[in-house]
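All chains, full assembly: derive it from the sequences and hints.
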Amino acid sequence: MTQAALTHPPAAQAPAPAAPAPARGRLPRLPADWSGWLGPIGVALFAGLLRFWNLGYPNAFVFDETYYPKDAWSLLRQGYEGSWPDHANADILAVPQHIPLTSAPEFIAHPPLGKWVMAIGEQLFGLHPFGWRFMTALLGTVTVLMLARIGRRLFGSTLIGCTAALLMAVDGLQLVMSRVGLLDGIQMFFVLAAFGSLLIDRDHVRARLAGVTDGDRVRLGLRPWRIAAGVLLGAACAVKWNGAMILAAFGLLTVLWDQSGRRGAGARRPWRSMLRRDAVPAFLAMVGSALVVYVGAWAGWLASGGNGEGGYDRHWADGRPGLSPDTFLGIPLPQVSMSWVPESLRSLWHYHSQMYDFNTGLSTPHTYQSNPFSWLVVGRPVSMYWEQVPNGQHGCTATGGCASQILGLGTPLLWWTACFALVYLLWRWFFRRDWRSGAVLCAVAGIYLPWFQYQERTVFSFYMVVLVPFLCLAVAQMLGAILGPAGCSPERRRIGAAGAGLIVLAIVACFAFFYPLYTAEVIPMTSWQDRMWFTSWI
1 MTQAALTHPP AAQAPAPAAP APARGRLPRL PADWSGWLGP IGVALFAGLL RFWNLGYPNA
61 FVFDETYYPK DAWSLLRQGY EGSWPDHANA DILAVPQHIP LTSAPEFIAH PPLGKWVMAI
121 GEQLFGLHPF GWRFMTALLG TVTVLMLARI GRRLFGSTLI GCTAALLMAV DGLQLVMSRV
181 GLLDGIQMFF VLAAFGSLLI DRDHVRARLA GVTDGDRVRL GLRPWRIAAG VLLGAACAVK
241 WNGAMILAAF GLLTVLWDQS GRRGAGARRP WRSMLRRDAV PAFLAMVGSA LVVYVGAWAG
301 WLASGGNGEG GYDRHWADGR PGLSPDTFLG IPLPQVSMSW VPESLRSLWH YHSQMYDFNT
361 GLSTPHTYQS NPFSWLVVGR PVSMYWEQVP NGQHGCTATG GCASQILGLG TPLLWWTACF
421 ALVYLLWRWF FRRDWRSGAV LCAVAGIYLP WFQYQERTVF SFYMVVLVPF LCLAVAQMLG
481 AILGPAGCSP ERRRIGAAGA GLIVLAIVAC FAFFYPLYTA EVIPMTSWQD RMWFTSWI
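Read in this note's numbering, the sequence shown has 388 at position 388, and its numbers run on one by one without any break.
Possibly wrong hints are sitting among the right ones.
The calculated lysine to any residue pairs, modelled on SDA-like cross-linking and capped at a C-alpha distance of 20 Å, are [as the list claims (entries may be wrong)]: (1) 240 - 369; (2) 240 - 361; (3) 240 - 458; (4) 240 - 454; (5) 240 - 67; (6) 240 - 228; (7) 240 - 359; (8) 240 - 448; (9) 240 - 79; (10) 240 - 120; (11) 240 - 449; (12) 240 - 109; (13) 240 - 302; (14) 240 - 64.
Calculated from the structure, these hints are not laboratory results.
Given the structure is predicted, the values throughout are model-derived calculations rather than measurements.
Here it is in structure tokens:
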């Protein structure tokens, strides 16, 4: 053999391709695009079953349903909230039904968009409990699907995303607020959708910065997902005003992501680059679009001014000098000429000043009011419906009578676990600089912390339904850590899976135990008492 043959051996002949193995009855593999949807859709269907099952029961106005469904019907018929006589509830629930709506305007404390959403169900099914609860149930179900996909994008794991969605599907507060005609569940949908939009925007920005070596100079161009987030947060504000604080928190979050992305792309002065190139576009995209959506939500009120009629205070500025009000949102204002502002918008400005005074000054004592300090530990849930059922009525066979209640109680074990999860996320964010933990904590801060400034105001724990998706994300992230990191030993993974699985099963069992209190199921009084773990729940 020659030296050349030793140093440069001939290439081996490629083997003939192996014949395909015979089929053994395996199930066909699904495309990768479907694998990330089947789990979320399955969890959403389970959540939808819980939320739509017997949705029209109880056939009654539950808690603040005495306000919002009637306002929604009024918006549908007249474009503004009219007034109702004292006997309106009985007339609406009577057979045959009588709807005694009047054209006289009514002062309302919240913007109209949430009631417009509720009006969709009333248009489809009428002014009945199923009709005014339909959209909250639908959005509550869609929110579960969104959370699964958001968790998958945030953590890069379909399992963790579906776990977060399953936890929310079995949260008692989210279930209750999806089965009653109140505004907070609608706001939850818009807030979570905005969070998901910002996550998509972040991923798109990272893709644009990939391979960039000078992050100071790159322009990120049009960002439709950030505009979408602004639109959704404007909708959240147009449901309830606390959406404004969430808008501020999410706006800060997205520009901090921009600064981090530019630093990772080699920017020498990432803060200056973010302030010069990203801060102003972010403000216009989010605050600007939010303001347009918010004012647009008042279109019915603004258009109701014909023939001297219309919504409350619609004609306040008619014939008045073009001067600004003395105060706006509690802030003293100088008296300046505002004749260039249309009278309708000046009337809207004045109306908002009155709404602000009402909302910040509401201090009338209520049996179920509570302090925000107690909300995370479910210290004082709100009883939204209560009926004591005597033996022999409505299926009650207990000698001591029965109870039927709707209690706005978050699944206790889930919420208590979430308290530990938030501590874990704080540790991850502070010591490991984990951006995912920081994103969830930013949402928690924007939703929860602003309520502490209203120590004298009458507030209720069910406001925290907007927080539920982020609590579930926090718990799911902690369960992922318990499961074990990628590449850990099989033994570690088995132990972690057992621990995480037991926690999930315990939460599901806790939900099943309290389920009768979420759906007004008639249960023996002794069974009801067994579920009153603390006197503050009564």
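A quick look at each hint next to the structure:
For the given pair, residue 240 sits about 18 Å from residue 369 by alpha-carbon distance, which is consistent with the 20 Å threshold. This hinted pair checks out: residue 240 and residue 361 have alpha carbons roughly 16 Å apart, not beyond 20 Å. Using a Cα cut-off of 20 Å, the hinted pair residue 240 and residue 458 holds, with the two alpha carbons roughly 15 Å apart. Between the alpha carbons of residue 240 and residue 454 the distance comes to roughly 15 Å, so the proposed pair stays at or under 20 Å and holds.
Annotation: proposed proximity of residue 240 to residue 67 holds, straight-line Cα distance about 14 Å (limit 20 Å). A distance of roughly 19 Å separates the Cα atoms of residue 240 and residue 228; the hinted pair therefore holds under the 20 Å criterion. For the suggested pair residue 240 and residue 359, the alpha carbons sit about 11 Å apart, so the restraint of at most 20 Å is met. Taking the CA atoms of residue 240 and residue 448, the gap is near 14 Å; set against the 20 Å cutoff, the hint holds.
A threshold of 20 Å between alpha carbons decides the hint, and for residue 240 with residue 79 the separation of about 18 Å falls inside it, so the pair holds. Under the criterion of a C-alpha separation no larger than 20 Å, the hint pairing residue 240 with residue 120 is consistent with the structure, at around 18 Å. Straight-line distance between C-alpha atoms of residue 240 and residue 449 comes to about 16 Å, which keeps the hinted pair within the 20 Å bound. Proposed proximity of residue 240 and residue 109 is supported: the alpha carbons are some 9 Å apart, at most 20 Å.
The suggested pairing of residue 240 with residue 302 holds, with an alpha-carbon distance near 19 Å, which does not exceed 20 Å. Only pairs whose Cα atoms come within 20 Å are accepted, and residue 240 paired with residue 64 is accepted, the gap being roughly 14 Å.
Hint check: no violations occur; every hint is consistent with the structure.
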